[in-house]
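Undergrad: Given next are the chains, with one letter for each unit.
Number of protein chains: 2
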Amino acid sequence: MDAGATLPHVVILGGGFGGLATVRALADAPVRITLVDRRNHHLFQPLLYQVATAGLSAPSIAAPLRQILRRQANATVLLDEAIDVDLAARRVRFEHGALDYDFLVVATGATHAYFGHDDWARWAPGLKTLDDAFAIRRRVLLAFERAERESDPGQRRPWLNFVVVGGGPTGVELAGTLAEIARHTLPREFRRSDPRRARVLLVEAGPRLLAAFDPSLSAKAQRQLERLGVEVLTGTAVTAIDAQGVRLGEQPLAARTVLWAAGVAASPLGRQLGAPLDRAGRVRVAPDLSLPAHPEVFVIGDLACVERADGTLVPGVAPVAKQMGRHAAARIRARLDADSTPAPFHYRDRGALATIGRMAAVAQFGRLRLSGPPAWWVWLVAHIYFLIGFRNRLVVLLDWAWAYWTYQRHARIVTGADAEAVPDPDGPPP
Amino acid sequence: MDAGATLPHVVILGGGFGGLATVRALADAPVRITLVDRRNHHLFQPLLYQVATAGLSAPSIAAPLRQILRRQANATVLLDEAIDVDLAARRVRFEHGALDYDFLVVATGATHAYFGHDDWARWAPGLKTLDDAFAIRRRVLLAFERAERESDPGQRRPWLNFVVVGGGPTGVELAGTLAEIARHTLPREFRRSDPRRARVLLVEAGPRLLAAFDPSLSAKAQRQLERLGVEVLTGTAVTAIDAQGVRLGEQPLAARTVLWAAGVAASPLGRQLGAPLDRAGRVRVAPDLSLPAHPEVFVIGDLACVERADGTLVPGVAPVAKQMGRHAAARIRARLDADSTPAPFHYRDRGALATIGRMAAVAQFGRLRLSGPPAWWVWLVAHIYFLIGFRNRLVVLLDWAWAYWTYQRHARIVTGADAEAVPDPDGPPP
Chain B
1 MDAGATLPHV VILGGGFGGL ATVRALADAP VRITLVDRRN HHLFQPLLYQ VATAGLSAPS
61 IAAPLRQILR RQANATVLLD EAIDVDLAAR RVRFEHGALD YDFLVVATGA THAYFGHDDW
121 ARWAPGLKTL DDAFAIRRRV LLAFERAERE SDPGQRRPWL NFVVVGGGPT GVELAGTLAE
181 IARHTLPREF RRSDPRRARV LLVEAGPRLL AAFDPSLSAK AQRQLERLGV EVLTGTAVTA
241 IDAQGVRLGE QPLAARTVLW AAGVAASPLG RQLGAPLDRA GRVRVAPDLS LPAHPEVFVI
301 GDLACVERAD GTLVPGVAPV AKQMGRHAAA RIRARLDADS TPAPFHYRDR GALATIGRMA
361 AVAQFGRLRL SGPPAWWVWL VAHIYFLIGF RNRLVVLLDW AWAYWTYQRH ARIVTGADAE
421 AVPDPDGPPP
Chain A
431 MDAGATLPHV VILGGGFGGL ATVRALADAP VRITLVDRRN HHLFQPLLYQ VATAGLSAPS
491 IAAPLRQILR RQANATVLLD EAIDVDLAAR RVRFEHGALD YDFLVVATGA THAYFGHDDW
551 ARWAPGLKTL DDAFAIRRRV LLAFERAERE SDPGQRRPWL NFVVVGGGPT GVELAGTLAE
611 IARHTLPREF RRSDPRRARV LLVEAGPRLL AAFDPSLSAK AQRQLERLGV EVLTGTAVTA
671 IDAQGVRLGE QPLAARTVLW AAGVAASPLG RQLGAPLDRA GRVRVAPDLS LPAHPEVFVI
731 GDLACVERAD GTLVPGVAPV AKQMGRHAAA RIRARLDADS TPAPFHYRDR GALATIGRMA
791 AVAQFGRLRL SGPPAWWVWL VAHIYFLIGF RNRLVVLLDW AWAYWTYQRH ARIVTGADAE
851 AVPDPDGPPP
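Top to bottom, those sequences are chains B and A.
For what it's worth, our numbering labels the leading residue of the first sequence as 1, then goes sequentially.
For what it's worth, our numbering labels the leading residue of the second sequence as 431, then goes sequentially.
Worth flagging that the hints you see were computed from the coordinates, not collected in a lab.
If a hint is listed, it holds; no wrong ones were tucked in.
To give an idea of the interface, some chain B residues facing chain A are shown, with a C-beta separation under 8 Å as derived from the structure:
{"id": "1", "residue": "His-41"}
{"id": "2", "residue": "Ala-62"}
{"id": "3", "residue": "Pro-64"}
{"id": "4", "residue": "Arg-66"}
{"id": "5", "residue": "Arg-70"}
{"id": "6", "residue": "Leu-78"}
{"id": "7", "residue": "Leu-79"}
{"id": "8", "residue": "His-96"}
{"id": "9", "residue": "Asp-131"}
{"id": "10", "residue": "Arg-188"}
{"id": "11", "residue": "Arg-191"}
{"id": "12", "residue": "Val-395"}
{"id": "13", "residue": "Leu-398"}
For glycine and all other residues, C-beta sits at the position ideal for the given N, C-alpha and C.
Start from the sequences and build out the full structure, keeping to the hints where you can.
TA: Below is the structure:
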């Protein structure tokens, strides 16, 4: 056993923004850290929609966790999946082993949820992982290919109808980008069908898009989307999704491509922590982000339910997760120093950004509201800046500059064991 | 019906180097062209090993066929898979329809072959498509992850043994790059296992590597590989491959990662053309590349068996396929002009290149033989030059420069529905 084995062991589950921020904030702490993730990479999720819409390749927004942490000598990275947590024994069991901890940070995030309609998942994929992004890319690109192959206009139409469900940032990004692809990227390339005839619908059950933003920005986002060619339907509930398309209220719409951006549910690991959960499955943590009865266990990021002074929840976005990760690290350091003064987590809101398309975005920073090109530039600079790794920033910038001037999207590659693995309404279930 | 419908219809099956060259060489011919491929992209196969070894992302070496051909008004691209050819009716049947042709060019290439041991495919993936490359990337990266997770040195060893079967250009490239990854890219990132202890074996049944090259270059390639840390075993037959590893002659070797670069077989479509085939399933075409009894049907690229004056076969490489494509196009033009003078295909051999690793390659041009850095520079310039699309060239150059100086490989991302989809010797069959 090396000397390090006697140091307190911090186990961190999940290498997203929250988990990674915790690891880094403990770089010079007298602890051994083990970061466990079931994937080998950290994902820059805010740009995942660009992979889904063929604008960026996967390695541009993902980096191996062990590459990111290769210089942090007190951190070990393991590829494994947590099965359960034994809080009394301070032990996490994984698919391929177990680890004892002195401190545990649970940062396993969220996945998409279909609100009791799990059968919709087959027809309306969501966007959380790189594999999700590849699945969406494949469906979108193949829809245009199917339309080109189809000689009967009645059969062709459903392949050119694209429905995005959910008017939050992801839905807005996807719908805006799909409209751009149909109107600008593809038209010259097809001979039999006309991609410009594609309809892109963005459906939101609530009264407005981007509910987390100021209502004036919601209205501006809607106008910018409509200028790009997106049909925006607010106050419209999706009541069914199947092989033929969607039902909007009572109205059926034939659409072969439906994308889900409507709901998230917290990671199921939250259920094992013995603490109360909110409706979305998030863990109601103590003010310092620890579990009420277990000050050595912290829950951070999208898995944590934290209320602000005004009663609203802190949002499930990257800056929150990072701040929570640094807070959990600070609490671990304090406890190592036997300092147990309560230190509640406070989210410092640095603003919110949502992108829509070329030179189209909205942003709010305190009382400042931006939209159109100024918001888009802020969004671009912020996202390039926060991308992990210098190389990625440079390549992403180059890819974007290229895409911007040429309207080309360089990652329009369909792969997958069955390159046509779109569920076929006439075929057997997958 | 538009006026174009009365023009002769040229159907081209396969959008590889051969098929694409045919389409382009017919750009200003009075024909309608339909290019059909089961994938949506042209693949720059000479760099596929870089995707498999995480050095390049897929979009850097692949471009959508319809993007490449968007300005060629007489060409239509369809995504579909040919099922059979009715030579008498001049009709190709596809999975989703059928096309009548006046001229047919069959350029559906080759796939890897296991010489009657199809059960080896599960344990030893080959490298022909992007999906193959992703599968190899996943296995190689996960092998190092498994080694890191494994605490028992006896259990760890097989995860650090890599066997590449086949000493042709692909095998040499894979083995050289694997050794580089183990020795230079990964070491600082692992805490429990040492990637430098990985063994990379290159196994060739014949007496020397790179049999298509001059023997002096084979010897140089072997020395360069050994300097990179590859163990080269020539004259060694692989007699078994299973969950535990390989058998080399009578000697078993425990290895969890075996890559297959040993054999190719021509596309099964060749069997439907009524012409004699060679042992590898290639079609024995007439001297002008047409089918003996069907002057309106041409077979080109890896699917065609063409002898040179000295009795050797023209090799299955990109320059040959391109020259064949241009030849088939010229023959179609001649026949449109009612010119039926025989015009046999002659391969103009512009030389051969094989890369091994950093500053390590071999090249021969006529009597000129190069190895080491000069050959590597020629290889680099040639491959960047021939990459389709300016953007790709620039980004690939940037990626390589970055990888060269930092030893990092930016595409080390493991994806796949089951991120650990390596066949598990203890698990059920896939």
